[in-house]
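S.K.: What follows is each chain in one-letter form.
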Amino acid sequence: MGCFLTNSSVGKKFVMSISGCFLVLFILFHMSMNLTMLFSRDGYNAICEFLGANWYALAGTALLAAGVAVHFIYAIILTIDNYRARGKQRYAVTVQEKGVSWASKNMLVLGVIVLLGLLLHLAHFWAKMQLVEIMHSEFATATVDGVTFPVAPTNGALLMAVTFSNPVNLVLYLVWFVALWYHLTHGVWSMFQTVGFANDTWYPRLKCIANVVATLIFLGFAIVAIMCYLNSDVYIAEALQLQ
Amino acid sequence: MAYKLEAKIPAGELAQKWSNHKAAIKVVSPANKRKLDIIVVGTGLGGASAAASLGELGYNVKIFCIQDSPRRAHSIAAQGGINAAKNYQNDNDSIYRLFYDTIKGGDYRAREANVYRLAEVANLIIDQCVAQGVPFAREYGGLLANRSFGGAQVSRTFYARGQTGQQLLLGAYAALNKEIAAGSVKSYPRHEMLDVVVENGEACGIIARNLVTGEIERHGAHAVVIATGGYGNVFFLSTNAMASNGSAAFQCYRKGAGFANPCFTQIHPTCIPVHGTQQSKLTLMSESLRNDGRIWVPKKMEDVEALRAGKKKPSDIAEEDRDYYLERRYPAFGNLVPRDVASRAAKERCDAGFGVNETGLAVFLDFKTAIERLGKDTIKQRYGNLFDMYEEITDVNPYEQPMQIYPAVHYTMGGIWVDYNLMTTIPGLYAIGEANFSDHGANRLGASALMQGLADGYFVLPYTIGDYLAKKIQAPKVKTDTAAFDEAEKGVRARIERLFAIKGKQSVDDIHKRLGNIMWDNVGMARTKESLEKAIVEIQALRKEFYADLKLVGTEDSFNVELEKALRLEDFLELGELMARDALNREESCGGHFRSEHQTPDGEADRDDDNFSYAAVWEYKGIDNAPEMTKEMLDYEFIKRAKRNYKD
Amino acid sequence: MNFTLKIWRQRDAKSQGAFETYKVSDISADTSFLEMMDILNNNLIHEGKEPVAFDHDCREGICGMCSLHINGHAHGPSQAVTTCQMYMRKFKDGSTIVIEPWRSAAFPVIRDLVVDRGAYDKILQAGGFISVRTNSVPDGNAIPIPKKDADESMDAASCVGCGACAATCKNGSAMLFVAARVSSLAKLPQGRVEGARRAKAMVAKMDELGFGNCTNTGACQAQCPKQVSIAHIARLNREFLCAKFQD
Numbered sequence: 001m002g003c004f005l006t007n008s009s010v011g012k013k014f015v016m017s018i019s020g021c022f023l024v025l026f027i028l029f030h031m032s033m034n035l036t037m038l039f040s041r042d043g044y045n046a047i048c049e050f051l052g053a054n055w056y057a058l059a060g061t062a063l064l065a066a067g068v069a070v071h072f073i074y075a076i077i078l079t080i081d082n083y084r085a086r087g088k089q090r091y092a093v094t095v096q097e098k099g100v101s102w103a104s105k106n107m108l109v110l111g112v113i114v115l116l117g118l119l120l121h122l123a124h125f126w127a128k129m130q131l132v133e134i135m136h137s138e139f140a141t142a143t144v145d146g147v148t149f150p151v152a153p154t155n156g157a158l159l160m161a162v163t164f165s166n167p168v169n170l171v172l173y174l175v176w177f178v179a180l181w182y183h184l185t186h187g188v189w190s191m192f193q194t195v196g197f198a199n200d201t202w203y204p205r206l207k208c209i210a211n212v213v214a215t216l217i218f219l220g221f222a223i224v225a226i227m228c229y230l231n232s233d234v235y236i237a238e239a240l241q242l243q
Numbered sequence: 001m002a003y004k005l006e007a008k009i010p011a012g013e014l015a016q017k018w019s020n021h022k023a024a025i026k027v028v029s030p031a032n033k034r035k036l037d038i039i040v041v042g043t044g045l046g047g048a049s050a051a052a053s054l055g056e057l058g059y060n061v062k063i064f065c066i067q068d069s070p071r072r073a074h075s076i077a078a079q080g081g082i083n084a085a086k087n088y089q090n091d092n093d094s095i096y097r098l099f100y101d102t103i104k105g106g107d108y109r110a111r112e113a114n115v116y117r118l119a120e121v122a123n124l125i126i127d128q129c130v131a132q133g134v135p136f137a138r139e140y141g142g143l144l145a146n147r148s149f150g151g152a153q154v155s156r157t158f159y160a161r162g163q164t165g166q167q168l169l170l171g172a173y174a175a176l177n178k179e180i181a182a183g184s185v186k187s188y189p190r191h192e193m194l195d196v197v198v199e200n201g202e203a204c205g206i207i208a209r210n211l212v213t214g215e216i217e218r219h220g221a222h223a224v225v226i227a228t229g230g231y232g233n234v235f236f237l238s239t240n241a242m243a244s245n246g247s248a249a250f251q252c253y254r255k256g257a258g259f260a261n262p263c264f265t266q267i268h269p270t271c272i273p274v275h276g277t278q279q280s281k282l283t284l285m286s287e288s289l290r291n292d293g294r295i296w297v298p299k300k301m302e303d304v305e306a307l308r309a310g311k312k313k314p315s316d317i318a319e320e321d322r323d324y325y326l327e328r329r330y331p332a333f334g335n336l337v338p339r340d341v342a343s344r345a346a347k348e349r350c351d352a353g354f355g356v357n358e359t360g361l362a363v364f365l366d367f368k369t370a371i372e373r374l375g376k377d378t379i380k381q382r383y384g385n386l387f388d389m390y391e392e393i394t395d396v397n398p399y400e401q402p403m404q405i406y407p408a409v410h411y412t413m414g415g416i417w418v419d420y421n422l423m424t425t426i427p428g429l430y431a432i433g434e435a436n437f438s439d440h441g442a443n444r445l446g447a448s449a450l451m452q453g454l455a456d457g458y459f460v461l462p463y464t465i466g467d468y469l470a471k472k473i474q475a476p477k478v479k480t481d482t483a484a485f486d487e488a489e490k491g492v493r494a495r496i497e498r499l500f501a502i503k504g505k506q507s508v509d510d511i512h513k514r515l516g517n518i519m520w521d522n523v524g525m526a527r528t529k530e531s532l533e534k535a536i537v538e539i540q541a542l543r544k545e546f547y548a549d550l551k552l553v554g555t556e557d558s559f560n561v562e563l564e565k566a567l568r569l570e571d572f573l574e575l576g577e578l579m580a581r582d583a584l585n586r587e588e589s590c591g592g593h594f595r596s597e598h599q600t601p602d603g604e605a606d607r608d609d610d611n612f613s614y615a616a617v618w619e620y621k622g623i624d625n626a627p628e629m630t631k632e633m634l635d636y637e638f639i640k641r642a643k644r645n646y647k648d
Numbered sequence: 001m002n003f004t005l006k007i008w009r010q011r012d013a014k015s016q017g018a019f020e021t022y023k024v025s026d027i028s029a030d031t032s033f034l035e036m037m038d039i040l041n042n043n044l045i046h047e048g049k050e051p052v053a054f055d056h057d058c059r060e061g062i063c064g065m066c067s068l069h070i071n072g073h074a075h076g077p078s079q080a081v082t083t084c085q086m087y088m089r090k091f092k093d094g095s096t097i098v099i100e101p102w103r104s105a106a107f108p109v110i111r112d113l114v115v116d117r118g119a120y121d122k123i124l125q126a127g128g129f130i131s132v133r134t135n136s137v138p139d140g141n142a143i144p145i146p147k148k149d150a151d152e153s154m155d156a157a158s159c160v161g162c163g164a165c166a167a168t169c170k171n172g173s174a175m176l177f178v179a180a181r182v183s184s185l186a187k188l189p190q191g192r193v194e195g196a197r198r199a200k201a202m203v204a205k206m207d208e209l210g211f212g213n214c215t216n217t218g219a220c221q222a223q224c225p226k227q228v229s230i231a232h233i234a235r236l237n238r239e240f241l242c243a244k245f246q247d
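Residue numbers (the numbering used here), protein chains in the order written: chain A, 1 to 243; chain B, 1 to 648; chain C, 1 to 247.
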C-alpha cells in the first residue's frame with residue numbers, strides 16, 4: 001500500500017490534504033489558546049506553562065514540525081511535477097477563468113509567505129519559550145523604552161506584548177494572517193475534494209465552510225495581535241511590576 | 001465483362017434465414033484465428049465494433065482512422081437514437097414490424113433478408129451497449145426509455161440525450177480500447193487508406209499514408225474491411241464531418257468492387273438553413289425534434305413577405321394562418337413521416353414561394369404547442385442541448401421563436417455492393433455500415449444508421465468473415481514485398497506527384513464548392529434527365545479543370561491537409577459523375593431519389609417496380625469511360641410491395 | 001468584420017515555433033470561427049503559402065477534434081462550446097485575436113495548431129472500458145438503474161476528449177478527463193465490477209504519461225466545452241483512495 005502516497009498523483013494530493021487538515025486543526029487549537037488572552041493573561045500564561053518542555057508538548061511539537069515539513073515538501077514536489085507537465089512552451093495569453101479563485105492558482109506563493117511568517121513567528125516566540133526550556137539556556141531578554149528585562153519562557157503574555165509593541169511586527173503578522181486567509185479559503189474545501197468528499201451539492205457548502213474557517217482564524221489571531229499592540233504599554237508595565 | 005452477382009441469400013423462411021446461415025457457414029478454430037490478420041479501415045460504429053469483436057475472437061486486427069483518435073469518427077455526431085424492436089413500450093412492436101417499417105421506409109429497394117437480419121440483431125445491440133456502460137435514457141423505474149422517430153408508429157428508439165451516436169461510439173471505442181490493451185488490435189490513427197491491394201483476385205492489404213509524416217506504408221492482411229462511412233461530402237455542404245469522404249470506398253471501386261445505387265442520397269429535413277457563401281458545413285437538428293415540434297409555413301403570401309422583411313415575427317402569425325403541411329398531407333404520420341417525404345414536402349412549399357427566410361429556403365419547426373402542453377422544463381430536458389446549439393448558431397432563441405430548418409445532404413444509402421456475408425465483389429474485401437449499400441434501400445429511417453453500423457460490426461461480420469477466412473488457415477502471413485504491393489504503392493505515389501505537378505491557380509475548396517453546387521442543383525432533392533445529363537458534362541469539365549488548374553501547396557512528406565483534401569476531391573469528382581449516371585439510369589422515383597418526371601399527380605414519388613426493382617451495381621472502366629452496370633434483382637418473397645402511404 | 005490574427009506557426013514537433021500575424025477581412029458575423037480560419041487558409045493558398053494546420057472535423061461540437069487556445073481561453077471566450085461552435089459575432093470588429101495550440105507536455109505540437117492527444121487514448125486503453133465480450137450479456141432491462149445515476153453517468157460521459165482540461169490546467173493535469181470516464185462507469189452497476197481496478201490503472205497511466213497533479217483550481221471545469229463538473233474528480237479521488245486502501 002505505502003507507495004501510492006509517494007508515487008501517484010492522487011496519493012500525493014491525499015498526503016497534502018491530510019497534512020493540511022492536521023495543520024488547520026492545529027491552527028484552530030492555537031487560535032483558541034490565543035483567544036484566552038482576551039479574557040485572562042494569567043490563564044494564557046498557565047497554558048504556556050502547561051505546554052512547556054514536557055514530553056507531550058514535545059511530542060506534539062515534533063508531530064507538528066513533521067506536518068509542516070510534509071506539507072511543504074509535498075508542495076514542492078507537486079509543483080515541480082506540475083511545472084514539468086505544463087511543458088516548456090508557455091501560453092502567450094492567459095486569463096483568469098470564470099469561477100476560478102486567485103488563491104487556488106497561487107497556493108505555493110501563499111504557502112511560502114505563510115512559511116516565512118512561521119519562521120519569523122518561531123524566532124519571536126518558540127525560540128524564546130519552548131526552546132529555552134529544552135536547552136535550559138538563559139531567558140531571553142527584551143528592551144522596551146531603554147529598559148532591558150528578562151522574559152520567562154512561561155510568560156507568553158509578556159512576550160506577546162513586547163513583540164507587538166513594535167508596529168513593524170504587527171504589520172508583518174497581519175500580512176502573514178492575510179496570506180493564511182487566502183491559503184485557507186482554497187485549502188479547506190480543497191482537502192475535502194481531494195479525499196473525495198465533495199459533489200455539486202456540497203461545493204457551495206464546503207466553500208462556505210472554508211471561508212468561515214479562514215475568516216475565523218484570521219480574526220482570532222488578528223484581534224489578539226492588535227489588542228496586544230494597542231495595550232502593550234499596560235501589559236508590559238503590569239508584567240514588570242509582578243516580576 | 002459484367003459482374004456475376006451472387007447475393008448468397010440463404011434459403012428458407014425469412015425468420016430462419018440468418019440462423020440457418022450461421023449454422024451453415026464455416027468457423028475458424030481459435031488456434032487458426034491467431035494466425036490470421038484482418039485490416040479494418042474506419043473506426044466509426046461499424047469499424048470499431050467489428051475490430052473489437054474480431055479482436056476478441058482472436059484474430060490479429062489492424063485498425064486505421066484519419067482522425068487523431070478512433071473516437072472522432074463521424075458516427076459520434078448522430079443525435080437522435082437507435083432503433084430496436086424490444087417492445088418495451090408494449091405498443092405491439094416486433095422484429096417483423098421493425099423489418100417491415102425499414103423496408104417500407106427504404107421504398108422497397110433493399111434486400112428482404114438483409115433487412116430482416118438487421119431487425120433481428122437490433123435487440124442484441126441494445127443489450128450489448130447497456131452492458132458496455134452506455135448511459136441510455138431511463139425512466140424513473142430504472143428501465144430503458146424510448147421515443148418515436150420518423151417512419152414508425154411505435155416508440156422503439158433508444159437514446160442518450162441528444163448524443164446517442166456519441167455514447168454508442170464511446171461504447172464501441174471502449175471495446176476497441178479493451179482489445180488494444182489486450183494486444184489483439186493495433187491502432188493506426190492519423191492514417192489514410194489510399195489504395196486496396198488485390199492479388200490473385202483477392203484483397204490482401206492496403207496502402208496507407210501516415211498523415212503526420214507523409215510516409216506511404218504497406219499493410220498486408222488476409223481480409224480487409226472497409227468501414228469508412230458515406231460520401232455525402234461530394235455535395236461540399238452536408239451534415240457530414242469535414243473529413244468524411246468516399247475515397248476508401250472509391251479505391252475499392254477502382255480496383256474492381258461493384259458500387260451499388262450511388263444515387264441514393266438522403267436529404268435530411270431538419271438542418272439549419274444555409275446562411276451565406278462562407279459556410280463550411282450544415283448543422284443537423286435531430287430528427288427527434290419532430291416528436292414534439294410542428295413544421296409549418298404561412299398560408300398567406302403576405303405573411304411570408306412580412307416575415308422576410310422582418311415586419312412580422314413568426315409568433316405573430318395566427319394559428320389559422322399557419323399551414324402545418326405535413327399534418328395536412330400525411331394525417332397518419334404527421335410530422336413523423338420519413339425523411340425523404342418530409343424533405344420533399346419542405347421543398348415543395350419553398351418552391352411554391354412560401355419559404356420563410358430571405359433566401360426563401362426555410363420552413364418553421366415550432367415548439368409552441370409542445371411548450372404549452374408539456375411546459376418549458378420538459379422541453380428543455382428533452383432537447384436542451386439542441387436548443388442551445390441552435391441559438392449559438394443562429395442567435396435566435398427557439399423557446400420563443402420557431403426554429404428555421406431546411407433539408408440538407410445527410411447520408412448515402414448507396415455504397416459498395418456486398419453479398420449477404422457483407423463481402424464485396426472482391427473476395428476478402430468486406431464493406432460494413434454506411435460504406436455498403438445493403439440495408440436501407442432508397443431511404444434510411446431515422447435511428448437506423450447506428451443500428452446498421454453496430455449490427456454489421458458486432459453481430460454479422462464477425463461470423464460471416466469466418467466463412468472466407470476458413471479457407472485461409474493454411475495461408476502464410478501476407479507478404480508486402482510482392483508485385484501487387486509494389487504496383488499499388490507506385491500508383492499512390494504517382495497520384496500524389498501528379499497533383500503537386502499541376503501548379504495551377506484554384507485551391508481544393510474552390511473546386512469542391514463548385515462540384516457541390518453542380519451536385520446540389522442537378523443531382524439533389526429533385527432530379528431530371530436534363531439536369532443529370534448537364535451534371536455529367538459539367539463534372540467532366542470540372543474534372544479537367546481540376547487536373548489543369550489545381551493549386552496544391554506544401555510537401556508530400558509532411559503533415560499536409562491540402563494534399564489530403566485534394567486526393568479526396570479527386571475521388572469525389574469521379575464519384576459525383578457516377579451518382580449522376582446512376583440517377584439518370586433510374587427512371588423512377590423512390591425514396592431519396594426523386595425524378596421529377598416520375599411523380600404522382602399529388603407530388604408523391606412514383607416508383608416503378610416492374611422496371612427498376614433492382615440494385616444498380618456499377619463496375620469501374622477507367623476515368624474516361626462510362627462504367628458498366630449490372631443488375632441485382634430484388635425478389636420480394638415475403639412482403640407485398642405497396643405504394644408507400646403515410647397518409648392513413 | 002475585420003480581424004488581425006496572431007497565429008502560432010510551427011513546422012513540426014522538433015522545430016521552433018513563432019507567432020505570425022495575418023489579416024482577414026469581410027468576415028460575416030454569422031461565420032463560425034473555423035470558417036474564418038478556412039477563409040484565411042484559402043487566402044494563404046492563393047498567395048502560395050502553406051495554410052495554417054488546425055484540427056477540426058464534425059463542426060457540431062461533438063467529435064472533440066477541434067482545439068485552439070484563443071485569446072487565453074481554451075475553445076475561445078464563449079462558455080460551454082467547442083471552437084467549432086463559436087461564431088465571429090462574439091468578437092469585436094477590428095480586434096486582434098491570438099491563437100495558440102494546446103500547450104501541455106503530454107500534448108506535443110505536430111504542426112502549427114495541431115497537437116498529439118494520443119495520451120488520452122492511452123489512458124482509456126489502460127482501463128476506460130467494461131470487460132464484456134460481444135454477445136455475452138444479459139437483457140438491457142435486466143438491471144434497473146436509477147434515473148439519477150444514469151443521468152449522472154451521462155453527464156460525465158458527455159466528455160468529448162478534446163483535451164481542453166489538460167490544456168487549460170496550470171498543472172497540465174488530465175484529471176477531469178480521467179475522472180469523467182471513471183465516474184461515468186462508476187455510476188452504473190455494470191461498471192462497478194471493475195471500478196477499483198479501473199481507477200488505479202487509469203490514474204497510474206495518467207501519471208506515467210506526464211500529466212500534472214490536480215490542485216482543484218476548477219479551471220478545467222470552467223473551460224470544458226461540455227461543462228463536465230469537478231465533482232467527478234472528487235468521485236475519482238474516492239474511487240482511487242478506497243481501492244488503494246483496500247489493497
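There's no promise every hint is true.
To be clear about the criterion: a stretch of chain B counts as covered by chain C if any three or more of its residues have a C-beta under 8 Å from a C-beta of chain C, and this derived list gives those stretches [as the list claims (entries may be wrong)]: (1) 49 to 59; (2) 119 to 130; (3) 141 to 152.
Pair by pair, the computed Cβ-Cβ distance ranges are [said to hold, decoys possible]: (4) G334/B x P144/C: 44 to 54 Å; (5) D139/C x T215/A: 53 to 63 Å; (6) A13/C x V212/A: 27 to 37 Å; (7) G210/C x N90/B: 47 to 57 Å; (8) G360/B x P144/C: 44 to 54 Å.
If you are wondering where the hints come from, they were derived from the structure by calculation, not from laboratory data.
Here the structure is a predicted model, which means the values were calculated and not measured.
Where a beta carbon is used, it is the ideal one built from N, C-alpha and C, also for glycine.
S.K.: All the hints need checking, so say for each whether the structure fits it.
M.R.: Status of the hints after comparison with the structure:
1. 49 to 59: holds (count 4)
2. 119 to 130: As far as the segment 119 to 130 of chain B goes, the hint holds, because 6 residues have Cβ atoms under 8 Å from chain C.
3. 141 to 152: Since 4 is at least three, the answer is holds.
4. G334/B x P144/C: 44 to 54 Å: violated, 33 Å
5. D139/C x T215/A: 53 to 63 Å: holds, 56 Å
6. A13/C x V212/A: 27 to 37 Å: The hint (27 to 37 Å, Cβ to Cβ) is violated, given that A13/C and V212/A are roughly 49 Å apart.
7. G210/C x N90/B: 47 to 57 Å: This hint holds: roughly 54 Å between Cβ atoms.
8. G360/B x P144/C: 44 to 54 Å: Holds, at about 51 Å.
Going down the numbered hints, you'll see the structure goes against 4 and 6, while the others check out.
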